[in-house]
Amino acid sequence: MTIKNKFKLRVLFSLTSLVSINIAFANPVIPNDNRTQVNIVNNIPVIDIATPNISRVSHNVYKEFNTSEKGLVFNNSLNGTTSQLVGQLNKSPNLRNRPAGIIVNEVVGGNLSQLKGMIEVAGDFASVVISNPNGISINGLTFSDTIGEANFTTGTITFDKRKNLEESKVTKGHITIGEDGINTRNVNYLNLFSKTIKIDGDIEGDYVSVHAGGVLTDMKNLTYTWIESEGPKPEFSIDTSDIGGIYANRIVVISTDKGTGVNLNDLDGKNLIKINAPYSSTVNINGVFRNDNNNITINANNLNVNGTKLKWSDDKNRWEPI
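With mature numbering (1 follows the signal peptide of the UniProt record, and there is no 0) as the guide, the letters of the sequence shown map in order to residues -26 to -1, 1 to 296.
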């Protein structure tokens, strides 16, 4: 595809997206209880996160959770700090001599989350989890370099009696990556978990994991169990348009729902590309398909690469044209 044609597709997508999705303008961040407080500084939400437990997990619950182009700041500072987005911050009042290592943000209201701009953790280094079973729309999202992992899920999260993360269960929901994409080059890991995932922009990062379909995650042992998702099965569990793609050092793509397809475009994984879709109808890979170290693993029933149908040869231990 030429740059000119790709630009035309971006313009077309921008115009059609205005009328194709019935989504109201994003509401501000609204906590569900008083464990979490939100202050507005220069029109940017600064969140005083809930008190972390002994394992440094801060559990924050919201009626609404959205960000604008101006971004959002999690205050994780014990003694005050300087934020990239809002400047000088006082110490976060709820930390009680212990900063968070994981900032969990759980949405219990009825609306999806719309995320853009920068998400910053000001103060001590921490990972961020955003959970919304209603869906997550990401478009032009970046991160500060004080975030270890960025995790987005449409699953439900459970905690044990000590308020430690116990399980994450995904059976429904949709994550959309808009044309302005998501850039996690400053973050060690990006993980997306949802029943279905639509990629209409670029996903950039170091380690990028895209997991579609039903999954039960044991958060303590970091093990995964594939489960059935709810409702009718879509044609594609992961669907990438011609203006979308994944660019990272390591790329992992997983699809667990039986009979659904996987549509990938511009898959550029410098050190690793791993696709695990044993129950999918077909895995389609279009556009760029590049790995510098010949470290590619694909588990699929049927594979299409740029229009060429391939089948696995046990004798030669490789994919070959049909």
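Calculated directly from the structure, the hints in this document are not laboratory data. Wrong hints could be hidden among the right ones.
Distance windows between CB atoms, simulated [as the list claims (entries may be wrong)]:
| hint | residue 1 | residue 2 | range |
| --- | --- | --- | --- |
| 1 | ASN13 | ASN160 | 46 to 52 Å |
| 2 | ARG70 | ASN108 | 30 to 36 Å |
| 3 | GLY281 | ASN17 | 26 to 32 Å |
| 4 | THR282 | PRO2 | 47 to 53 Å |
| 5 | ASP119 | ASN53 | 18 to 24 Å |
As a list, the in silico DSSO-like pairs of lysine-lysine whose alpha-carbon atoms are at most 30 Å apart [what the hints assert, rightly or not]:
| hint | residue 1 | residue 2 |
| --- | --- | --- |
| 6 | LYS232 | LYS207 |
| 7 | LYS207 | LYS135 |
| 8 | LYS248 | LYS146 |
| 9 | LYS65 | LYS146 |
| 10 | LYS65 | LYS44 |
| 11 | LYS248 | LYS143 |
| 12 | LYS143 | LYS65 |
| 13 | LYS232 | LYS194 |
| 14 | LYS143 | LYS194 |
| 15 | LYS232 | LYS146 |
None of these values were measured; they are calculated from a predicted model. Don't be surprised by glycine CBs; every beta carbon is placed ideally from N, CA and C.
Hints and how they fare:
At roughly 24 Å, the beta carbons of ASN13 and ASN160 sit outside the given window of 46 to 52 Å. About 32 Å separates the C-beta atoms of ARG70 and ASN108, a value consistent with the hinted range of 30 to 36 Å. Under the hint 26 to 32 Å, the C-beta atoms of GLY281 and ASN17, about 48 Å apart, miss the expected range. The hint said 47 to 53 Å for the Cβ distance between THR282 and PRO2, and at roughly 49 Å that hint holds.
The hinted range of 18 to 24 Å is satisfied by ASP119 and ASN53, whose Cβ atoms lie roughly 20 Å apart. Note on LYS232 and LYS207: the hinted pairing holds, with a Cα-Cα distance of about 8 Å set against a maximum of 30 Å. A distance of roughly 35 Å separates the Cα atoms of LYS207 and LYS135; the hinted pair therefore is violated under the 30 Å criterion. For the given pair, LYS248 sits about 24 Å from LYS146 by alpha-carbon distance, which is consistent with the 30 Å threshold.
Only pairs whose Cα atoms come within 30 Å are accepted, and LYS65 paired with LYS146 is rejected, the gap being roughly 38 Å. In summary, the hint linking LYS65 to LYS44 is supported, as the alpha carbons are separated by about 22 Å, within the 30 Å threshold. Between LYS248 and LYS143 the alpha-carbon distance is near 23 Å, which keeps this suggested pair within the 30 Å criterion. Simply put, LYS143 and LYS65 have alpha-carbon atoms about 34 Å apart, too far for the 30 Å limit, and the pair is violated.
The suggested pairing of LYS232 with LYS194 holds, with an alpha-carbon distance near 27 Å, which does not exceed 30 Å. Under the criterion of a C-alpha separation no larger than 30 Å, the hint pairing LYS143 with LYS194 is consistent with the structure, at around 14 Å. With a CA separation close to 14 Å, the supplied pair LYS232 and LYS146 stays within the 30 Å bound.
Comparing the model with each numbered hint stated earlier shows that hints 1, 3, 7, 9 and 12 do not hold.
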